[in-house]
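Trainee: Here are the chains, one letter per residue:
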Amino acid sequence: MAIGVLALVGTRWGLFTLWGDSNRRGWRVDGPLLDGWGVYHAIVDARDGSFYAAANHIVYGPTVQRSADGGRTWKRSKKIGLPAWSGLTVNAAWHIEPGLPQQPGTLYLGADPGLLFRSDDAGETWEPNRGILEHPTRDRWFPGRGGLCCDSIQLDPGDPQRMYVCITAAGTLRSDDGGQTWVPVNTNVAADYLPSPYPEIGQCVHKLLLHPARPERLWQQNHCGVYRSDNCGNSWERLDGNGLPSGFGFPIMIDPRDPDKAFVIPEKSHEYHYGPNDRLAVYRTRDAGQTWEEMSDGLPGPAWVTVLREASASDADSLYFGTQNGSFFALADGDTWVEAARNLPPVLSVEVTQWSR
Amino acid sequence: MVQVVVPSILAAQAEGRRRFDVEAETVGEALRALPVADLLLNERGEWSSNLHVYVDETDASERGGPACPLTGAREIRIVAALSGG
Numbered sequence: 001m002a003i004g005v006l007a008l009v010g011t012r013w014g015l016f017t018l019w020g021d022s023n024r025r026g027w028r029v030d031g032p033l034l035d036g037w038g039v040y041h042a043i044v045d046a047r048d049g050s051f052y053a054a055a056n057h058i059v060y061g062p063t064v065q066r067s068a069d070g071g072r073t074w075k076r077s078k079k080i081g082l083p084a085w086s087g088l089t090v091n092a093a094w095h096i097e098p099g100l101p102q103q104p105g106t107l108y109l110g111a112d113p114g115l116l117f118r119s120d121d122a123g124e125t126w127e128p129n130r131g132i133l134e135h136p137t138r139d140r141w142f143p144g145r146g147g148l149c150c151d152s153i154q155l156d157p158g159d160p161q162r163m164y165v166c167i168t169a170a171g172t173l174r175s176d177d178g179g180q181t182w183v184p185v186n187t188n189v190a191a192d193y194l195p196s197p198y199p200e201i202g203q204c205v206h207k208l209l210l211h212p213a214r215p216e217r218l219w220q221q222n223h224c225g226v227y228r229s230d231n232c233g234n235s236w237e238r239l240d241g242n243g244l245p246s247g248f249g250f251p252i253m254i255d256p257r258d259p260d261k262a263f264v265i266p267e268k269s270h271e272y273h274y275g276p277n278d279r280l281a282v283y284r285t286r287d288a289g290q291t292w293e294e295m296s297d298g299l300p301g302p303a304w305v306t307v308l309r310e311a312s313a314s315d316a317d318s319l320y321f322g323t324q325n326g327s328f329f330a331l332a333d334g335d336t337w338v339e340a341a342r343n344l345p346p347v348l349s350v351e352v353t354q355w356s357r
Numbered sequence: 358m359v360q361v362v363v364p365s366i367l368a369a370q371a372e373g374r375r376r377f378d379v380e381a382e383t384v385g386e387a388l389r390a391l392p393v394a395d396l397l398l399n400e401r402g403e404w405s406s407n408l409h410v411y412v413d414e415t416d417a418s419e420r421g422g423p424a425c426p427l428t429g430a431r432e433i434r435i436v437a438a439l440s441g442g
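Chains as they are written, first to last, in the numbering used here: chain A, 1 to 357; chain B, 358 to 442.
Don't read these hints as lab results, they were simulated from the structure. This one's a predicted model, so the numbers in the text were calculated from it and none came from an experiment. Cβ coordinates follow ideal geometry from the N, Cα and C atoms, glycine included. Certain hints may be false.
As the list claims (entries may be wrong) - Computed, partial: chain B to chain A, Cβ under 8 Å:
no.	residue
1	Met358
2	Val362
3	Ile366
4	Gln370
5	Gly422
6	Ala437
Unchecked claim - Under 8 Å between C-beta atoms, here's a sample of chain A residues computed to sit facing chain B:
no.	residue
7	Gly36
8	Ile58
9	Val59
10	Tyr60
11	Gly61
12	Arg66
13	Gly71
14	Arg72
15	Gly81
16	Leu82
17	Thr89
18	Asp317
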């Protein structure tokens, strides 16, 4: 039996499936699925193999689509809506997170404007989380250029009551009671575009990840730096400035085997959305962010390339990311990047899973 | 009876069908009868400003939007404004 990698690559104009060999050098591209839809995020639910896609359209609005047959056919969720009293409408579906293994049929959806939904029927219907919808700090949240998006949802595998969401720009919020109530956890995280640079709320988190083997450890790529927390977000340590050419960027990746490793793709600044020194490069830390080293072997240069917050992924063996100019890269043989596909539509999201035949 | 014609992206969300015969007195009623109604109307029953709905030769937005009457109408054509560059 051959084992390979399946990458779900969401783009501005549909979802592509990229089938990689075990060495990540040979790839086949299929698609587009959900042709014409902007796929902000797509996953394979490891619990049953279903595909889910957060698919948005400028005219037809936000949807969640599910496929039980590997993308051949799709079923749309019932309308993702909000109660009239909220005065809000759902602008976009951003991020889909499967529930824990002991919660079959449960999924979470992050959406704009600053929304968390939960489904307990495998994505057929979605209910808004009232604790987020009615959060007392909501009047201090404000949208970034991508909207008031909820782009990160992380579940603690050791504590079913604990979860995190990130909203741009509200910051990180944590629940210790299964999503009933939420507290901001942004201590020491900068928001230097606000009058007070370290507010309780208003941080612009671009991506947050929890380490599955050490769930109290969180990593975030923020508008204002790269951070690590070792206490469930109660406090954060800023990690850029020690080998990292810029603190600004969108994606972050981790090594599921090693809590001290993380990977970012810096951009020049919030005003210039391409790599410092006109280069595309991934930076790696192996010591929990104390030092960073460049990983650019195989990447094109010079380059003026943007990688969005959902457009990277990692597994135990490799890293993967897609660019706004339609390339998809995978790390092969340790430290060498392979351009697995090019000329895709602008890449919005990447997730990977193993496949066998 | 009026026939509603939808664009290809909507047809793909309706098992490939592009034409639907519906009984309705207003445009909103006709759109709500479609299997893609959730993609055409928001929580308030409004359609996107990027969507054009024509009743025969008339722009429905100029005749009350969803309340536009269908008396004597033969066809509703839905057109998404997507161009740009």
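Trainee: Quick check: which numbered hints come out false for this structure?
Mentor: Hints 1, 2, 5, 12, 13, 14, 18 are the ones this structure does not satisfy, whereas the remaining hints hold.
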